[in-house]
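Respectively, the protein sequence lines represent chains V and Y.
Quick note on numbering: the first sequence equals residues 1 to 563 in our numbering.
Quick note on numbering: the second sequence equals residues 1001 to 1493 in our numbering.
Hints were generated in silico from the structure; no laboratory data involved.
A virtual CB, placed ideally from N, CA and C, is assigned to each residue, including glycine.
Hints are not guaranteed to be accurate.
[As the list claims (entries may be wrong)] Listed below are the simulated DSSO-like cross-link pairs for lysine-lysine, each with C-alpha atoms no more than 27 Å apart in a straight line:
(1) K1371(Y) <-> K177(V)
(2) K1446(Y) <-> K123(V)
(3) K1371(Y) <-> K123(V)
[As the list claims (entries may be wrong)] Every beta carbon over 12 Å from chain Y, so not counted as near; a handful from chain V, in silico:
(4) S65
(5) V67
(6) Q81
(7) Q121
(8) I176
(9) V184
(10) L190
(11) S232
(12) N248
(13) P257
(14) R498
(15) D511
(16) L520
(17) Q556
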Amino acid sequence: MESFGLTILLWLPLLSLLVLLVGKYHQPGTLRTITIVTTAIQLIIAVLLFIQMVPEYFPLHTSDSFVYKDFHPWFTLPLGQLGYLSVNYFVAVDGLTISLLLLSSIVLFVGALVSHTIQFQEKGYYALYLLLCISIPGCFVAQDLFLFFLFFEFMLLPMYFLIGIWGGVNKEYAAIKFFIYTLVGSLLILVSFIILYASTYSPTEMVRLSGHSDITVQSIQQAVMDKTITTSDMVRSLSIQDVTKPTNIVPGSWLDPASTTQWLGISARMWVFIALLIGFIIKLPAIPFHTWLPDAHVEAPTAVSVVLAGILLKIGGYGLIRIVWPIFPVEAMQASTVIAIIGVVSIVYAAYVALAQDDLKKMIAYSSVSHMGFVLLGIASGTVEGISGAVYQLFSHGLISALLFILVGILYERTHDRSIAHYKGLLNKMPAFTVVVTIAFFASLGLPGMSGFIAEILVLIGAFQASQVYSTIPIGVTIVATIGLVVTAGYYLWTLQRMFFGKFSVHTSVDAHTLQDLTLMEKVVTYLLCGLVILFGVLPSVLLDTIGPWMQTWVQFLQQSIQ
Amino acid sequence: MIYDVIQHIIQSFPYAVTEIALVIAFLVLMLIDMIQLKDKALWSVVLTVAVAFYGAGEELQQLFDRTSFQEVVYFQHLFHRTPFTLFVRVLILLLGALSAVYLYLSPMGVYWKNRGETYLLLLAIIAGGLISISSYHAMPLLLGIELMSIASYILVAARITAASGEAAIKYLLYGAFTTAITLFALSLLYPTAGIHIFHPDWATQFLESSFPFKWLVLTLFFSGLLFKISLFPFHPWTPDVYQGSDWSIIQIIALLPKMAVFPILLQWAALFGAIDVFVGGLSLLVLATIIVGNTAALHQSNVKRWVAWSGVAQTGFMACTLVMTGDQAQLSLLFYLIVYLFSLPAALMILDYFESKYQAKEVDNFNGLGKKEPIGSVIFVLSMANLIGLPPTAGFYSKVYIMTTLWSSYLEQDEILYLILLLTAVAATLVSLYYYLKIPYALFFKASEKKTILTSISGSTVLFVILISILPLGIFFQPEWLSNWLRVIVAFI
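Same shape as in the complex, but just chain Y:
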């Protein structure tokens, strides 16, 4: 008996090879941090990117292997592997590599790139993402989420300034509170439906179980996940935390958790998608997120708070897909996620650069800078077009996918909720035009203020930004490349 268990565990290790590689890289990075090296930052980045690429390569190899088409459950029913989880793991690893490159190139991030713990914490966040997306059971899911959260708290706090301290304590209090709620909900779920939450039978067990307030309990359980993607009402930490952090940190806490948590929620939505209570409840949250995010983003003058609120609005958009069922909704979410998350760093990098060079922290500080920085400004306009969903960027198809899916769901099920969501989404897109074009407007139309030049633009910043911008532009001209891939992947959810 015990022999079988040990055998099973040993056989499970090949599935966790990426996590093991991450742990090894973590240890090596600690060593590097201890030695006085001349190019410590470069070594750390190279190692982080290398291990992320190694992992992504391993996962891709498994993905292309035909045997991956069936689900594998490993480590004593704690984890599972499907083509979908493999695909998401690849994306998390690639996004992690992108974050590491960003850390190294960030004009404002000199402090971060020379400190070893930045990379350690980044690796921890990546590992947390991998663990949570692969989990089959509530415990590893919670552990993965916590690994991401705790590493993020430390990252936000590590600057040790008054602002970062304030941001970190808000983040920690909010996060710890939602984790506690999630754990409490888990303890209520445990005796009734069990907590093998991704088991195919679990949903039916949950639905058949007769304990009171079960939907409330499920909502409480979700709070920990919704906190990570800052969905209403778990969003108020976002602007404060962003405002207190440097761009290098914002890009990590804005991107990686979304990449990990949205696919998890997607798997849930596939289980509960046809249940009215679930759809109704979640729709209200999504609706509130879109409305709150967009209205709040309208009034921001601080750039970081504006980024935060627009991020909340984007979350609302993506979460629209969670209340629908079917391949098309899942495809829309993945398409949106990939386009959004892989193109956002370009916009953040330009803001980062403007802050370092012109101390542009408020929207007004951008006045007239378009004439001084034409390349950066034009690419910034392009990435804003991508976030709004204007052609010629892939963001256009992201919005088209979500809106057409809402429309066809409405036609199919004749559920007025979808129509309301669709109309709200259209209205929100219109509103978003105003706040996304606020900075481009200041860049090109306002008269410039006199500013001293602090640093000089580095070629690598421009290169990074241009390379990332190729993605939304390229996908615009050939959306089939991405959507055909995703069509295969979503069949396995």
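Bound conformation, chain V alone:
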């Protein structure tokens, strides 16, 4: 029964969705209230799960390392030569998941709060939003890649509609671009999963499905080694526990480390690693696959931007940490220099591009790309500090970017103008707004005492140590990353200077009378997020104590795998 909370958290929005679709609501705001209540309950459950979680040092991706487990057999599909595909409904939580589950609950709750800007077709909007409330947490808790992919796809489709229907002027273009990019990404992921399926088998599933007491995992492994079990009789599973175990790779298959299959001088394992990497990097996103992000953000309504930047990007990072690195530790180590360089180029290049933006929302979108570069760098380092920093960055950037996009939304709602050059001296007109923006900007540029600082300092420490531990990241690369920090400070401070300080004046196209300060509702939302950003900046142990052990087991797992 310990999984009860998780099940409610995951499927409660489905109930709300039914309520929403069946009933007729004429009272304005009813639909929003339903969504807010649903996400609030999800948030409460997520916080309770987080508090109850006891951090423990179990080896990565073993049965013990998961808590709140919920396991139900789903189906077994015979696929001829390729054996049997066994798919289970398996959701569970571990150290990595709990942080992102908490983040997604916060961001979805906040997103529901700021959804009041949606004026037409509210039913459709909230139905899609509730669908996101199932699929996003679902992505994080799914421990079977089939289930993961299902949730993953169900996250992209509502997003496509949310941007395409409720977006700004160029919504069609942005929605299609988003769709094509993510589609290519998910196809690469799907193809990799299929190859993964064909190259691994699951002794635990074979034991479970055979039902004989004399068949054990060891006897099956022995039989596979002796080739007394043919490939067409193997039960294969896409359970994360199974596919990340090196012993579960079918001898002689493509992903067998001993296999000599090569295309263009690159081993099959490396190809699949690259495909998966690109698939998740598109979601992250990092240079050169980032161009969908600014367009999608600029066109998306505020709440959708919040969800997009706050959690959707995190699934890219989550996928890399959870799936790509544990399955391909050796390849990840070999490629770590290149990946770190991609990360650093993202950090620096996106920061410079942000510096050149005139649209405030586009600037923040590019700053997201820049910050996600730190995640890539942290993961590539393969050190406890690096990975902790990467996960902390996922969490902290989720909060900060949600806050930033809400602030841009507040300004846009008043004047319908996001051009930085059109405003001067906003401090005089909107003092509370300016204070919150300042906090958010400082948090984003990594001021000590805010959550972004902890994340970035951990990543940099990890990256500097990397060459001694697991991967090979040249010191020079990491030093370049620090340039990104300087540029980031540059564009934020410059924007602050141009928009908020000095004598008040606005461009002629902006109506100065619309510039009201924050309303009560806006204050509640933004102060809440500011509080969280500062809380996690001052007391990083709140999060790190719970997720820290997982990070260590992750690094241990990688180190054992490469020996």
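Using the hints, position chain Y against chain V.
Just chain Y now, with coordinates in the frame of chain V:
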């Protein structure tokens, strides 16, 4: 001697009880058509559905009977019965019943549902399907195919408008031509290998026979069958015929012939599957079908032509299984056929409804209708997802089955052809995303045009569409139900 023959024929009748029931229903329907009845359409539909269900029940009873496990050859070696043919007959009958219900509910099909000959011709098509799938000899096969074809020509022509006349004459010319080719090929086959084409020894006789151009002759013989499923190069009639027909007719000529002809080809593929010439030749046709169907579907703006070309593309997909051997390939085909054919009517019904209400004949006419018709539009998106092969629909497993089978065939035989087919299939699936999502895109994203409302939506249309959509969704969550059944059936091919 003659006594034995007569005895044999008399003993054969129980196997043909469904065909006899169809003939009786045909006669009764003719009578009904002559009498001035108030609810003639309802009576005709009820009778058609009743006889189809009766037949399906009879066949199912035989299927569950243990004695059906061995092959029975009846009517002087003209027909045979195996669990596989029984299963396909059940499917044809169920699909026929579905077509009849569609005819009755079709919003554009008022003309058709009140005319008695529609049901007569539908019964003829069903009977043709049953005869051809049960045939053991080339003659009944040809007769069955012709029965289907001729009834289809008349159905297409029966509207008597310029468009339907044009469509029908194209259909007839193409069909008659391929039939002539098939007959010519048959006359060449007759003296050499004989025409008991489903006899187990026939394939070896054919392979051992030394007459020249025998593979060319076999290809010619196939043309009549390939015409019915519109496989390249026998496909060009499809868009024109669809464009000139109403949706009620399209659903009949698009679904029933495929249900009958694919299983026949499957039996052939089981005989010739290991022969390089056969596999190579057919693979090229399949490859061409996939490429032609998908590229042509990309450019269509007319909805009916788009349906036709996407149908050609789907045919190419299904035909991939014909070049492989083994239970898995056969299972993939049956799975695909069942999911595809039993879920397509929902999509056609929605298009039908949009045409009747908004005169939506071009893709542009669908602009912004998603907001006015949310239920129909959402189900339409779902059925498009099913045709593309996206979760959460059974179409996902259809594609997974075909692609994994191609992959394992490639691994097993190391034949580069399978890899090419697989890559083409993957690329085609990607391309198909574009054209299948064209109408959903117009429905939800384009600004709407002002349109007058002509008719009102009927609850039964919605119900029909929803009921059919349950199948692909249900199978997605429990694919084992269907695949376990099919596994038993394909063992008897």
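12 Å cut-off, C-beta based - Q81(V) kept clear of every residue in chain Y: violated, 3 Å
Would you mind confirming whether the straight-line C-alpha gap from K1371(Y) to K123(V) stays at or under 27 Å? holds, 11 Å
Please verify that the nearest CB of chain Y lies beyond 12 Å from D511(V)'s CB. holds, 28 Å
Is it true that the CA of K1371(Y) sits at most 27 Å from the CA of K177(V)? holds, 23 Å
Decide, holds or violated, for the assertion that all CB atoms of chain Y are farther than 12 Å from the CB of Q121(V). violated, 7 Å
12 Å cut-off, C-beta based - S232(V) kept clear of every residue in chain Y: violated, 8 Å
Over 12 Å to the closest beta carbon of chain Y is the bar; see if V184(V) clears it. Non-interface label on V184(V) violated, nearest chain Y Cβ at 9 Å vs cutoff 12 Å.
Measuring Cβ to Cβ, find out whether L190(V) lies farther than 12 Å from everything in chain Y. Incorrect as stated: the minimum Cβ-Cβ distance to chain Y is 10 Å, not above 12 Å.
The output says N248(V) does not contact chain Y. Does that hold with a beta carbon cutoff of 12 Å? About 19 Å separates N248(V) from the closest Cβ of chain Y, which puts it past 12 Å; holds.
Can the restraint linking K1446(Y) and K123(V) be considered satisfied, given a maximum Cα separation of 27 Å? Holds: K1446(Y) and K123(V) sit about 19 Å apart, inside 27 Å.
Verify this label for me: I176(V) is non-interface relative to chain Y, using a Cβ-Cβ cutoff of 12 Å. Check fails; 8 Å does not lie beyond 12 Å.
Far enough from chain Y: is every CB of that chain over 12 Å from the CB of V67(V)? holds, 27 Å
This entry does not satisfy hints 6, 7, 8, 9, 10, 11, going by the numbered hints stated previously.
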